[in-house]
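Given the structure of chain Z, go ahead and fit chain A onto it with the hints provided.
Number of protein chains: 2
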Amino acid sequence: MFIYIAGAGAMGCRFGYQLQKSGNEVVLLDSWQAHIDAIKAHGLHIVGDQDEVVPMTIMRPEEAHKQAEFIILFTKAMQLQDMLEKIKPVIGPETKVLCLLNGLGHEDVISKYIKHENIMMGVTVWTAGLKGPGEAILQGKGTINLQSFAAAGEAAVQDIVDTMNAAGLNVIYDNDVVPSIWRKACVNGTMNSTCALTDATIGQFFASEAAIRIVKTIIHEFVLVGTAEGVKLNEQEIVDYVMHTAEIAARHYPSMHQDLIQNHRLTEIDYINGAVARKGAKLGIATPYCQMITDLIHAKESILNIK
Amino acid sequence: MFIYIAGAGAMGCRFGYQLQKSGNEVVLLDSWQAHIDAIKAHGLHIVGDQDEVVPMTIMRPEEAHKQAEFIILFTKAMQLQDMLEKIKPVIGPETKVLCLLNGLGHEDVISKYIKHENIMMGVTVWTAGLKGPGEAILQGKGTINLQSFAAAGEAAVQDIVDTMNAAGLNVIYDNDVVPSIWRKACVNGTMNSTCALTDATIGQFFASEAAIRIVKTIIHEFVLVGTAEGVKLNEQEIVDYVMHTAEIAARHYPSMHQDLIQNHRLTEIDYINGAVARKGAKLGIATPYCQMITDLIHAKESILNIK
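If you read the sequences in order, they're chains Z and A.
Per numbering that gives the first Met the number 0, residue 0 is the first one in the first sequence, and the count goes up by one each step.
Per numbering that gives the first Met the number 0, residue 0 is the first one in the second sequence, and the count goes up by one each step.
No wet-lab data here; the hints were simulated from the structure.
Just to be clear, a hint being listed does not mean it is correct.
[To be verified] List time: in silico DSBU-like cross-link candidates among lysine-lysine, alpha-carbon distance up to 35 Å: (1) A:K215 to Z:K281; (2) A:K231 to Z:K281; (3) Z:K306 to A:K215.
This structure is a prediction, so every number in the text was calculated from the model and none was measured.
Chain Z extracted, bound-state conformation (with noise of 0.2 Å):
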């Protein structure tokens, strides 16, 4: 299968390795300069389960030509955008496209470019991390949910399941995937913002009784705001599965707290707290923490002088 990976950070590498290395031709498109150097001079470094390098194809989205049978989108989530405009030549009317972005809203972007059937929603618990342009740092297994907005549902794209489980990537198709992804940017909205914020590590911060009231609050709002556009929460089972997340990901840096703090990036806010303040806002849902969390994170970057 012919595939673009479009957003070839740290997730972007490990799906188009494993997916090159099962036989398929695939083409990373990033923006990052540097990264582009490193990848066409030396190939991939994989570091960690293994070490290795791979030549892998990458380009800048724009020199993209070749019409994708799958796309896999993968960008942070305020450069969603200005990647599908760039990527619109390669998108054929038979052209299936993947988004695994964090954070809510995203297939409203995606619509204006992808064809309704054309357009799956996924959500995933692998990990990766960059060391530095070129070299990816992967550990660890994970899954994938995902459902195709086809009416056909998973008949439609049994062939991009197979190929990704062929791939290693233990995707299950989920007829109903979008409590998964409203699960996740739970675990990204009660963890990302707070421990950038604060400067701590997940497990320094979920430490605390108050930290604790804050995130069931923050939980309470997504739970409110999804309920009430239709999707099927379980507020127990968010918290519970959000506790269990924090204990296993402790001594981690959340990926806000590296985007602000250590690398003095934008962050992704306004696609996760940010976002359910402005569902909440349209449906008459009051959000304070979303809303004092959203402006407190773009208080830090303006302090931060990042734009």
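For chain A alone, kept in the frame of chain Z given last:
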């Protein structure tokens, strides 16, 4: 007049210094041993608008035995009860007590130790800093607004007002000081926790629209709760006052930043935003911004292992 300054931090040192210079017998009370030792050994070193060394009497509160004519309370909010407990022996039936602590709700604690008619509540815009043990930085001028709980009002405390004015402290007797106390609490409630959390000067924090949204929402909660308690508050006037104060103090870190980030000390958050959240809960008024920022500060205290 024989005066104790109960809490000889920066502001206590300023008031003690000025009152002694104008001819009163002043004793500073504090529990910071290095500060006590420095002042006993070398006197109080005043820098800033002047540079002089002044011999002053300082002791631990439990060492005070002579009954006071007048006590100025200037501890950190969380040390108030402990201070009052220790100075019980010097509180006589005629001892007048002026509370100048930041924050809200201190009269509830003071009333347990002092007769109602001997209590004065006040608020000041004087400033001061400490360079280190025994060394105070005094710059600029200020005023004090105060009100007596005595039925006779101003007449009951005329000698105190005169004594303080003779020391150049610019006291205004205020027949309704509570709105001013709330207004100052709004200044602290919008700058202290936010700048501490985002590690910013007041000017850096107030520079973004996101921050101003937070500031205005916090003030709104203070006004809702204060008004429900019968305090006359004008929300727009307070917003203007806070914005004006932020402009003047733009280059400074507020005291909570000094406590939490610079010195890893417990904060006064429970007596500022936390007090409004508690009052709101009693009154059935939602104060999510005050509650969340209080919990974020407590989470940060826990992350820094401050107890």
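Consistency of the hints with the structure:
1. Simply put, A:K215 and Z:K281 have alpha-carbon atoms about 21 Å apart, close enough for the 35 Å limit, and the pair holds.
2. Between A:K231 and Z:K281, the direct Cα distance comes to roughly 34 Å. Compliance with the 35 Å bound is thereby established for this hinted pair.
3. Distance check on the hinted pair: Z:K306 and A:K215 sit about 24 Å apart at the alpha-carbon level, within 35 Å; holds.
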